[in-house]
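Position chain B with the ligand relative to chain A; hints supplied.
Residue numbers (numbering that gives the first Met the number 0), protein chains in the order written: chain A, 0 to 319; chain B, 0 to 286.
One thing to keep in mind: the hints can contain errors.
What the hints assert, rightly or not - When the alpha-carbon atoms are kept at most 25 Å apart in a straight line, the in silico BS3-like pairs for lysine-lysine are as follows:
(1) 312/A with 103/B
(2) 28/B with 312/A
(3) 164/A with 255/B
(4) 146/A with 192/B
(5) 318/A with 105/B
(6) 86/B with 312/A
(7) 52/B with 255/B
(8) 146/A with 191/B
(9) 28/B with 245/B
(10) 192/B with 312/A
(11) 7/A with 312/A
Since the hints were made in silico from the structure, they are not lab data.
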Amino acid sequence: MKPLDFEKPLDELYAKIDELRRLSAEGQVDLSDEIASIEKRAEKLRNEVFSNLTPHQILQIARHPNRPDTFGLSMLVFDDFVELHGDRQFRDDPSIVGGIAQLGTHRVMVIGHQKGHDTKEKIYRNFGMPHPEGYRKALRLMHMAEKFNMPIVTFIDTPGAYPGKEAEERGQSEAIARNLREMSGLSVPVITFVIGEGGSGGALGIAVSNRIYMLEYAVYSVISPEGCASILFRDADQANYAAEKLKITAGDISNLGIGDGVLKEPLGGAHNDWPHVSETIRSKINEDLKRYETMSPEEVFQERYDKFRSFGKFEDPVKA
Amino acid sequence: MSIIDWFNQREKIEDRSKKLDIPGDLWVKCYKCSDILYLKDLESSKKVCPSCKYHFRITPEERLQYLFDSNSFEEAEDSIRAVDFLKFRDTEEYKDRLEKARKKTKHADAIIIGVAKIKKRTVNVGIMDFSFMGGSMGSVVGEKITRLIELALENHHPLVMFTSSGGARMQEGIMSLMQMAKTSAALQLLAKKKIPYISVLCDPTMGGTSASFAMLGDINIGEPGALIGFAGPRVIEQTVREKLPKGFQRAEFLLKHGMLDMVVERQSMRDTLAHLVNVLDPHRKPV
Ligand SMILES: [Zn+2]
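Chain A extracted, bound-state conformation (with noise of 0.2 Å):
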């Protein structure tokens, strides 16, 4: 696979640790203590790299092609998944995946955006940008959810809806809004994990949630950096300043008090060991869900609801 390219200094050494290895096994020298000497230094500049990183180098990490997706997770953290489809409408979008899972002794119900890997699954899944029916199946999936009194989980992965002609024609606008304020009236708990990109209304979408989650390296962002830069830069190339300038990242969306944690990913990203993430985050579920099993319905569309009304940052001077 491709390296990132501030991963490219790290991924020399290896080769070269992998080059002076064939040589050993070939018998003619002993390289052990060199190969323990570049391991070092390798072990080192992977420490630099991965505590140094940009807003724009974190984005390229959120966007790794082999990133943790909806799919995986749902297999992985849970004890079983059955996907579920269709809108009831109009079609079944794969752009967003959603099933019924169990937990242990608990059953949730699993929705999240699926971007795909390789290029013939990203073209199925229209590169994780949803069109109207697929905000409209999240929906149909929450109020069942709802009716049987399922918590709900949701894992964020997207560029964006999807910015098309059928997609105005269908109301886009509308799918989203209606989630927007239905999702705020549901009586069953909302978990929400942003696993890679959150990319604007169309993260939004599914994310009206109780509790929002950001791996460490994933990113919530208004507009794409690159979007922002093109509009108010009027430069695509300034995507690195802008990156920086929106604060999308998850220590920022934390400070911001907008995401509720940041969960920790394994060393070198989370797309190096999905059972370490799924692990995290399935813990992360337990401990909510233990939570929510002592609140009332009133008590948990309250909490939603006074999360989502908190927002914003303004002077108020009769207020204050």
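Below, chain B with the ligand alone, put in the same frame as chain A:
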């Protein structure tokens, strides 16, 4: 997102309104049909071109004057001010952009809210102002809309909202995105209380504004020719690599696709709104 288009058009748009604002400038060219119009005539036709029915963008004051009982508007929550909490700087600092917009529009932000009367019926009204940073929704717009809905929850009068906005305000980052959810959540409470909400979508209503409170009216009304959509036409053209048909994302297009209940000309908007308020809320006496 949608904002791209109005941003690209910004010069043109400012040009458009400049011609209307300069005192002593007696003649105006219609943006659509290029007819030369006598400004007094245009004003007496509520800024609708007599030749082609093009609906000029208008200020919140003009909207109040054209649609509501005279001097009936009482502004609420006018002291809330935006803050530059991200220290956002693009080609200009956010706080300077705010300062300029306040000077230009004489408003604190991109919306005014309050109560007003329409044919003696009291309604809660919010009117967005596109000339204030493209009507973009940041914390202040989101908070004011939410407080207006809360006011409606207290006084039980219907809510009428006029939208005109390029979408979320990028200078407030993720916080502006969250205003979509905050306003929509408040509308959920309004719906539960069965208080009528009429959304009038004016030119343009895009992005985060369209994908939240604007689309959630019990009745959605479009102004003729208004551009309404999620993604901006330019972004869509770049994505699908084809030219969009004429009239795409215009109010009439949305009516045809089932997203609006009606498209109403400015001339008959007052009558229509008064009637709808009465039929939705028949048992309340005029106050
Ligand atoms: Zn004209």
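field: Agreement of residue 28/B and residue 245/B with the hint, judged by alpha carbon distance not exceeding 25 Å
entry: Between residue 28/B and residue 245/B the Cα gap is close to 22 Å, so the pair holds against 25 Å.
When you check the alpha-carbon spacing of residue 146/A and residue 192/B, does it fall within 25 Å? 22 Å, holds
Margin query: For a C-alpha distance cap of 25 Å, please report whether residue 52/B and residue 255/B respect it.
Written below: 19 Å, holds
Check: Quick one, are residue 28/B and residue 312/A close enough, alpha carbons at most 25 Å?
Finding: 41 Å, violated
- Query: Does the alpha-carbon distance linking residue 164/A and residue 255/B stay inside the 25 Å limit?
  - Reply: Status holds; Cα separation ~15 Å.
- Item | Distance restraint between residue 86/B and residue 312/A, which requires alpha-carbon spacing of 25 Å or less | 13 Å, holds
Discussion item. With the threshold set at 25 Å, check whether the alpha-carbon distance from residue 312/A to residue 103/B stays at or below it.
Written reply: 23 Å, holds
*Given the hint that residue 192/B pairs with residue 312/A, test it: the Cα-Cα distance must not exceed 25 Å.*
28 Å, violated
Quickly compare the C-alpha distance for residue 318/A and residue 105/B to 25 Å and report which way the hint goes. Holds - the C-alpha atoms of residue 105/B and residue 318/A are around 22 Å apart, at most 25 Å.
query = Taken at face value, is the distance from the CA of residue 312/A to the CA of residue 7/A at most 25 Å?
reply = Answer violated: residue 7/A to residue 312/A is near 40 Å, above 25 Å.
Taking only the CA atoms, is the gap from residue 146/A to residue 191/B under or equal to 25 Å?
18 Å, holds
Of the numbered hints listed earlier, those contradicted by the structure are 2, 10, 11.
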